[in-house]
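Chains A and B, in that order, are what the protein sequence lines are.
Quick note: to get this note's numbering, add 926 to the position in the first sequence (first position is 1).
Quick note: to get this note's numbering, add 926 to the position in the second sequence (first position is 1).
Source of the hints: derived by calculation from the structure; they are not laboratory data.
Cβ-Cβ distance ranges computed for the label pairs, FRET-style:
| id | chain 1 | residue 1 | chain 2 | residue 2 | range |
| --- | --- | --- | --- | --- | --- |
| 1 | B | L1019 | A | H1089 | 30 to 40 Å |
| 2 | B | G958 | A | D1345 | 32 to 42 Å |
| 3 | A | L1231 | B | A1212 | 23 to 33 Å |
| 4 | B | L1019 | A | E1008 | 48 to 58 Å |
| 5 | A | E1008 | B | R1127 | 41 to 51 Å |
Which residues of chain A face chain B? A few of them, derived with a C-beta cut under 7 Å, are:
| id | residue |
| --- | --- |
| 6 | T1115 |
| 7 | T1200 |
| 8 | N1218 |
| 9 | A1222 |
| 10 | G1230 |
| 11 | N1277 |
| 12 | L1291 |
| 13 | W1296 |
Lysine-lysine pairs mimicking DSS-like chemistry, simulated, CA-CA at most 30 Å apart:
| id | chain 1 | residue 1 | chain 2 | residue 2 |
| --- | --- | --- | --- | --- |
| 14 | B | K960 | B | K1090 |
| 15 | B | K957 | B | K985 |
| 16 | B | K1090 | A | K1090 |
| 17 | B | K1037 | B | K985 |
| 18 | A | K985 | A | K1090 |
| 19 | A | K957 | A | K985 |
| 20 | A | K1238 | B | K1238 |
| 21 | A | K1340 | B | K1206 |
| 22 | B | K1090 | B | K957 |
| 23 | A | K1090 | A | K957 |
| 24 | B | K1340 | A | K960 |
| 25 | A | K1206 | B | K1340 |
| 26 | A | K985 | A | K1206 |
| 27 | B | K1090 | B | K1105 |
| 28 | A | K960 | A | K1090 |
| 29 | B | K960 | A | K1340 |
| 30 | A | K1090 | A | K1105 |
| 31 | A | K1206 | A | K1037 |
Here a beta-carbon is modelled for each residue, glycine too, at the ideal position from N, C-alpha and C.
Number of protein chains: 2
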Amino acid sequence: MSQQDQLSNLETLSAALEVGELQQLRFMLNKGLKPVEVAHLLEKTPPRERQILWNLLNKDLEGEVLQYLGDEAQAEILSRMEASEVLAITESLETDDMADILQQLPERVMKELLKIMDRENRERVEQVLSFPEDTAGGLMNTDTVTIRPDITAETVLRYLRRHKEIPETTDTLFVVSRKGSYIGVLPLTRLLTTDPDVLVREIMNTDVDAIPADMPDEEVARLFEQLDLISAPVTNEEGQLLGRITIDDVVDVIREDADHSLMSMAGLDEDEDTFAPIMKTTRRRAVWLGINLITAFIASAVIGLFEETIDKVVALAVLMPIVASMGGIAGSQTLTLVIRGQALGHVERSNIGWLFNRELVVGLLNGLLWALVVAAVAVVWFQDMTVGVIIALAIVINLIAGAMAGTMLPMILKSLGIDPALAGSVLLTTITDVIGFFAFLGLATLFFA
Amino acid sequence: MSQQDQLSNLETLSAALEVGELQQLRFMLNKGLKPVEVAHLLEKTPPRERQILWNLLNKDLEGEVLQYLGDEAQAEILSRMEASEVLAITESLETDDMADILQQLPERVMKELLKIMDRENRERVEQVLSFPEDTAGGLMNTDTVTIRPDITAETVLRYLRRHKEIPETTDTLFVVSRKGSYIGVLPLTRLLTTDPDVLVREIMNTDVDAIPADMPDEEVARLFEQLDLISAPVTNEEGQLLGRITIDDVVDVIREDADHSLMSMAGLDEDEDTFAPIMKTTRRRAVWLGINLITAFIASAVIGLFEETIDKVVALAVLMPIVASMGGIAGSQTLTLVIRGQALGHVERSNIGWLFNRELVVGLLNGLLWALVVAAVAVVWFQDMTVGVIIALAIVINLIAGAMAGTMLPMILKSLGIDPALAGSVLLTTITDVIGFFAFLGLATLFFA
Chain A
927 MSQQDQLSNL ETLSAALEVG ELQQLRFMLN KGLKPVEVAH LLEKTPPRER
977 QILWNLLNKD LEGEVLQYLG DEAQAEILSR MEASEVLAIT ESLETDDMAD
1027 ILQQLPERVM KELLKIMDRE NRERVEQVLS FPEDTAGGLM NTDTVTIRPD
1077 ITAETVLRYL RRHKEIPETT DTLFVVSRKG SYIGVLPLTR LLTTDPDVLV
1127 REIMNTDVDA IPADMPDEEV ARLFEQLDLI SAPVTNEEGQ LLGRITIDDV
1177 VDVIREDADH SLMSMAGLDE DEDTFAPIMK TTRRRAVWLG INLITAFIAS
1227 AVIGLFEETI DKVVALAVLM PIVASMGGIA GSQTLTLVIR GQALGHVERS
1277 NIGWLFNREL VVGLLNGLLW ALVVAAVAVV WFQDMTVGVI IALAIVINLI
1327 AGAMAGTMLP MILKSLGIDP ALAGSVLLTT ITDVIGFFAF LGLATLFFA
Chain B
927 MSQQDQLSNL ETLSAALEVG ELQQLRFMLN KGLKPVEVAH LLEKTPPRER
977 QILWNLLNKD LEGEVLQYLG DEAQAEILSR MEASEVLAIT ESLETDDMAD
1027 ILQQLPERVM KELLKIMDRE NRERVEQVLS FPEDTAGGLM NTDTVTIRPD
1077 ITAETVLRYL RRHKEIPETT DTLFVVSRKG SYIGVLPLTR LLTTDPDVLV
1127 REIMNTDVDA IPADMPDEEV ARLFEQLDLI SAPVTNEEGQ LLGRITIDDV
1177 VDVIREDADH SLMSMAGLDE DEDTFAPIMK TTRRRAVWLG INLITAFIAS
1227 AVIGLFEETI DKVVALAVLM PIVASMGGIA GSQTLTLVIR GQALGHVERS
1277 NIGWLFNREL VVGLLNGLLW ALVVAAVAVV WFQDMTVGVI IALAIVINLI
1327 AGAMAGTMLP MILKSLGIDP ALAGSVLLTT ITDVIGFFAF LGLATLFFA
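Based on the sequences and whatever the hints tell you, model everything.
Written out as structure tokens, the structure reads:
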């Protein structure tokens, strides 16, 4: 179903909700749309309507739909369910998808749920849950198809044919030893083009390194991106095959990973539900505004130091935001570049020196260029040569400060274990505001004293 | 090779470059690392060293390495090559990867290159090039394995075995009619588990819609994400199969798509080479600073209107940045949320109304909360009740303005065909600066007149 169709879906929906044509809606949700499309529809529906839609959904589709929702939307819907209900709707999902959903449950409900699960399922889920959500172990599925190295391709083909179904997105079989140690992979494409009498050992690929279960998920994503993988084996410390990671789960990591920097820089969470309710949104935003208010007060305090000077030359009050703003913009550019570079693995200790020098020179050159322009405008505007000289100097100083802070802040924050995307922009603007106001008003005090 | 190893690679490299141990370097580049790892290493190397490394690379690896580089890094290296050289190193690549590289060439070199290509290759490349880079046609590969619906699984298996190799990442075969029209897909996993005598027609999957060649690449990416696809057929308007898109190419789109908002909001390009040379960087950044300078001047002009008032009450100059800053922060949060929502397809005309109302209420509530805090601090600081009342009112006004601008700007810009991520933040801060200064100083003029 195309995007255009989905758009009109949403409009039909709003109309149907208004006139109460529930029968038609129920049909659309349960027959007309795929579960992933229902999830997409729920994601773009405000809370009240979302609840109505959810109630119209058949029980047997709820689990499927739930797995496609964002973390926050999942948690909201799950918060109204009993453990037995959650179990009923998630039982048929793949292990990793089920574990993902369970992780959104309150501690109490999750424990209860694990208690009422059958043993085999519980053990599988607990194995996945034993790894943090953001590691290879938390991403993996345990539905691997494994073969031994000393059988023929013909035997493999016969073995597969005995299965009624092999898991979707199986592109390779995993070759393991008698003890379950991972040895290599046999791509289906290779199996299909080979002579039936050849041994697995002779055609398997041992180049594909297994992923340790404790590898962070961003690193897994980078491996998949770099090596164009579709699936990869996951092993424990002893080299035993635990499961496999498939590209569809990695795509979610890549999307979230990339969204993370964007959202964090505005103090938002990458899992944020666009249509979260008012009070929840207000509370979360309030925290960010409060933090930023502290930095704004610090900047004000700096200005406060120079009240007398401003009282003498009121033009300073008119021009001072320009200095702070230019430093902030230049610094943000550097900051964003470095944060993105860190996320891609391009920026690290060994090459930050070159980057620092380049940013410094770029800051200096752009500082000189725009200082001249601003000075010229200021001189014409206020008919005062001194003001022009002061603002020019201040802009050069602040652009250099912005470049230095923009390069070093993410490196320092990262080494302290603080997320640069979250804390970087607040700290950066504090620095450029303080240095900008201090340089401009301080120089003015010297000149006009 | 793990991330840690790569880090020490870069350090070894720097050391080797300094003492000139080229022999060792040459070995590492051509034998020790995979092409994708060499590309990653080049991406994180400053220009001069990057050139040295590139020259040490064997000719036969250049094409492989080139395809893994970002657009900008590719273009830089290609700019020093003749058409015949480019042809020599790209000839062995897949059609879509070759087309991607050719698109980085200057018009003149590309035309020359197409002239000296052999006919078959030229036709294939020209077919991919005939679609814009950012559409399904530009992403696709023409290396599909196609079968007819009226043959048995056994025949398919024999047919595949006659191939020495089928393309990597083939997870499904495409079923086409005698005239080449796309009918359905046959997943390899299905083929392997089925009875050999069954007809393709009976086991093929006709649920998978073909992707029209002119579908924008972000929409392709969304389809792959939603439907967990590994590959998908691409057809022309007549429904004829043109090629297939594989997940590894889509992953790049997802990464770039997500990076786009982050980088654009700082006036950067998502293809930006982190280690671009000084002059290139300076020139690009200068444009963004210039645009932002205009908005800073507009804000200054607003302050200028109230010079007399500031002259009377200098405390206003100290406090005014707080009003502008709080509005800017609140507005940026809304803006980022809406831009991300647009990119994910969650925000559209039919639900923007709800979002607008929520943001308005959130802005009002947070405005009231922080207005009280700021007013209290201002009253204590300046021992002036009136200043407290003025700043409280101005903050409420500006937070509401930020919420309104943050919601509506991206919608308006998008409908005008302007990229909201690029223009949104500049316009937003212009609005919150102007309204913030105007409200605060305007109210002050009324009160203190």
